[in-house]
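Line order of the protein sequences matches chains E, S and Y. The first sequence runs 101 to 428 under this note's numbering. The second sequence runs 2 to 127 under this note's numbering. The third sequence runs 46 to 218 under this note's numbering.
For the record, the hints were derived by calculation from the structure and aren't laboratory data. Where hints are given, some of them may not hold.
Derived contacts from chain E toward chain Y, CB cut-off under 10 Å, selection only [claimed, not checked]:
| # | residue |
| --- | --- |
| 1 | A174 |
| 2 | T175 |
| 3 | I177 |
| 4 | L209 |
| 5 | L210 |
| 6 | G227 |
| 7 | W228 |
| 8 | G239 |
| 9 | A244 |
| 10 | M246 |
| 11 | L247 |
| 12 | G254 |
A virtual CB, placed ideally from N, CA and C, is assigned to each residue, including glycine.
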Amino acid sequence: MNETLGTLLIIAFVILGVLHVAPGLIWLERRLLALWQDRYGPNRVGPFGLFQVLADAIKMFFKEDWIPPFADKATFILAPCIINVTALTAFAVIPFAPGWSVVDMSVGLLFFLAMSSLGVYSVTLAGWASNNKYSLLGGLRASAQMLGYEVFMGLSLMGVVLMSGTFNLAKIVEAQQNTIWYCVPQFLGMMLFLIAGIAETHRLPFDLPEAEAELIAGFHSEYSSMKFGMFFIGEYIGITLISCLMTVLYFGGWDGPTFGISEGLALKLVQFGWFAAKTFVFLCLFILLRASFCRPRYDQLIAFGWKIMLPLSLANLLITGAALLALE
Amino acid sequence: MWPLLVFIAAVMVVVAAQIVLSHFLGQRHRERATGEPYESGIVSEGSARLRFSATFYLVAMLFVIFDLEAVYIFSWVISFRELGWSGYFKIFVFIAILLASLVYLWRIGALEAGPPKRRLREAEVK
Amino acid sequence: MTIAFYVASAVALFATLMVVTRRNPVHAVLYLMVSLLAVAVVFFTLGAHFAAALEVIIYAGAIIVLFVFMIMLLNIGPPPSTRQESLLLTPGIWVGPSALSVLLAGLFLYVILAGGRSVQAGSYVDAKTVGISMFEIYFLGVELASMILLAGLVGAYHLGKRDLPDEAEGGNG
Numbered sequence: 101m102n103e104t105l106g107t108l109l110i111i112a113f114v115i116l117g118v119l120h121v122a123p124g125l126i127w128l129e130r131r132l133l134a135l136w137q138d139r140y141g142p143n144r145v146g147p148f149g150l151f152q153v154l155a156d157a158i159k160m161f162f163k164e165d166w167i168p169p170f171a172d173k174a175t176f177i178l179a180p181c182i183i184n185v186t187a188l189t190a191f192a193v194i195p196f197a198p199g200w201s202v203v204d205m206s207v208g209l210l211f212f213l214a215m216s217s218l219g220v221y222s223v224t225l226a227g228w229a230s231n232n233k234y235s236l237l238g239g240l241r242a243s244a245q246m247l248g249y250e251v252f253m254g255l256s257l258m259g260v261v262l263m264s265g266t267f268n269l270a271k272i273v274e275a276q277q278n279t280i281w282y283c284v285p286q287f288l289g290m291m292l293f294l295i296a297g298i299a300e301t302h303r304l305p306f307d308l309p310e311a312e313a314e315l316i317a318g319f320h321s322e323y324s325s326m327k328f329g330m331f332f333i334g335e336y337i338g339i340t341l342i343s344c345l346m347t348v349l350y351f352g353g354w355d356g357p358t359f360g361i362s363e364g365l366a367l368k369l370v371q372f373g374w375f376a377a378k379t380f381v382f383l384c385l386f387i388l389l390r391a392s393f394c395r396p397r398y399d400q401l402i403a404f405g406w407k408i409m410l411p412l413s414l415a416n417l418l419i420t421g422a423a424l425l426a427l428e
Numbered sequence: 002m003w004p005l006l007v008f009i010a011a012v013m014v015v016v017a018a019q020i021v022l023s024h025f026l027g028q029r030h031r032e033r034a035t036g037e038p039y040e041s042g043i044v045s046e047g048s049a050r051l052r053f054s055a056t057f058y059l060v061a062m063l064f065v066i067f068d069l070e071a072v073y074i075f076s077w078v079i080s081f082r083e084l085g086w087s088g089y090f091k092i093f094v095f096i097a098i099l100l101a102s103l104v105y106l107w108r109i110g111a112l113e114a115g116p117p118k119r120r121l122r123e124a125e126v127k
Numbered sequence: 046m047t048i049a050f051y052v053a054s055a056v057a058l059f060a061t062l063m064v065v066t067r068r069n070p071v072h073a074v075l076y077l078m079v080s081l082l083a084v085a086v087v088f089f090t091l092g093a094h095f096a097a098a099l100e101v102i103i104y105a106g107a108i109i110v111l112f113v114f115m116i117m118l119l120n121i122g123p124p125p126s127t128r129q130e131s132l133l134l135t136p137g138i139w140v141g142p143s144a145l146s147v148l149l150a151g152l153f154l155y156v157i158l159a160g161g162r163s164v165q166a167g168s169y170v171d172a173k174t175v176g177i178s179m180f181e182i183y184f185l186g187v188e189l190a191s192m193i194l195l196a197g198l199v200g201a202y203h204l205g206k207r208d209l210p211d212e213a214e215g216g217n218g
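Sequences and hints are given; from them, build the entire structure.
Below, the structure written as structure tokens:
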């Protein structure tokens, strides 16, 4: 009974947590971008403009929920749901502290990859269902980009699996505690995963699907109200997910000095604190990337994926394998 | 596995709640141009059911094939220690064959997205 | 788990039925995706977690995406007339195949009942076991698969290339 209650608490905690972190990230992004660009950013509503997001959310709920008469209605509604459901569901396998995950799945890493591969439907269907030329172009771009970068997202992660010998995320963290954080031996794999992660969430510099100078808003041009909001939030949920995975796979997850605390809830909280702190650094990194880069051209983006990233991730895999076998 | 089912159900409820709430809270209005596609203020011309370049088709095919390759690699990776060097050489051959096809496609220019170079050059001459 | 198995199977059957009855190709393909996801859940309940994950990654996440993508590229949309499809529903055409299918289903049922295997016969299969048997017993098959994939890749390019000169500069975005 106690265990059941604990699991339910974790479920509630994960869903509510993610649904608060993602909008919080919007505020953080606007403030940080403003800081880096020498302006104020949102600073009127509440302390430090913190309630701006809340105000935006309320506004969005009261906007007209318009479904274009020329659109394919069912698919049009389904598309934003898919990105939220897949991105949120992937959080089920993330271990936040020892024992703190919704499920402790033996194929956790593959579960994440499966969910992220389903995310492609969202942009593809949104572009198709809108029945708008710009949406269609944006949807095509987005899906071609996600398809191209998904392959080596999986392959770049396999270096970690080679070293730890498991797909289970909690065990990967434990393996790092016993040896070394994988950001050192798997540096190349980490960079490949980061780039793939940015492309999967189509953030700048890979935000060509919604390049506003060319495509209005890309695949979500025709979306309004909370359906647009769901695409918007979905992007931030995706960023949070990639940051969590970076922490778990390459930066030792909950691993960190425990300040002499050795047991009980206090230990778990300290470990969770380490996890959250590391994830926060990556969230800021995503925002910094947005502030610093410009977009590549579309054909450069696709060619870069197949010509550089794919061979590199295969090379990373083979070299890691050879090194591990030679060392044994 | 029940926590996963509960979790997915909860996620779906949250998502559905957003859709339903915004449907009932939002305003409604109906004017002359409400039902038109938004194309930066220019009146939409023709249908959005366009046909597209084969570049995208190739990207999708490449994706499916390399995704399949990745799955073979996944099953090698997980049993890597048990298989040892013999398994390593088997996967090496496997990857080499697929890399050969990638090199081939690269050399004949299949990986270049966008219009072929020849056409770009013609455009420059004009 | 048994309940999950039957629910997932029912969903798979229903979704597959919807696939063949939809007129809009995108809707049909979406139902096909649901059907494949349900099959993945079936695998999961039978203890094959690895196979379930791969089912989602390959079928739902890659092959069906390719279908949706192709429908989008070619923009087939709802067919202007379903005369050809309606023809397929005339009894003369489907009676033969369905008689054969019933025969097969009967045979299948007989094998299951005679074998005395219940649904829960599957036990938990580790990803490691799959990998080891693939690369020790069936490794020739794996290498052959890479050859087939190579052929598929090269073939796909050359078949697709034939259309390249036809389409104008449009759609490079």
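To see whether the hints hold, each was checked on the structure:
1. With its C-beta approaching chain Y no nearer than about 7 Å, E:A174 sits inside the 10 Å limit, and its interface hint holds.
2. At a threshold of 10 Å, the smallest CB-CB gap from E:T175 to chain Y is about 6 Å, leaving the interface hint in force.
3. Proximity of E:I177 to chain Y is violated relative to the hint, the smallest CB-CB distance being about 12 Å (cut-off 10 Å).
4. Restraint check, E:L209 versus chain Y: the minimum CB separation of about 9 Å is within 10 Å; hint holds.
5. Hint on E:L210 holds. Least Cβ distance to chain Y is approximately 4 Å, under the 10 Å limit.
6. Using the Cβ-Cβ criterion of 10 Å, the hint placing E:G227 at the interface with chain Y is satisfied: the shortest such distance is roughly 7 Å.
7. Hint status for E:W228: holds, given a least beta-carbon distance of 5 Å to chain Y, under 10 Å.
8. For E:G239, the shortest C-beta to C-beta distance to chain Y is roughly 7 Å, which falls under 10 Å, so the interface hint holds.
9. Among the interface hints, the one on E:A244 holds; its C-beta lies about 8 Å from the nearest C-beta in chain Y, closer than the 10 Å criterion.
10. Taken as an interface hint, E:M246 checks out: its beta carbon lies about 9 Å from the nearest beta carbon of chain Y, inside 10 Å.
11. Annotation: interface hint on E:L247 holds; nearest CB of chain Y at approximately 7 Å, less than 10 Å.
12. Hint on E:G254 holds. Least Cβ distance to chain Y is approximately 8 Å, under the 10 Å limit.
In summary, the structure is inconsistent with hint 3 from the numbered list given earlier, while agreeing with all the others.
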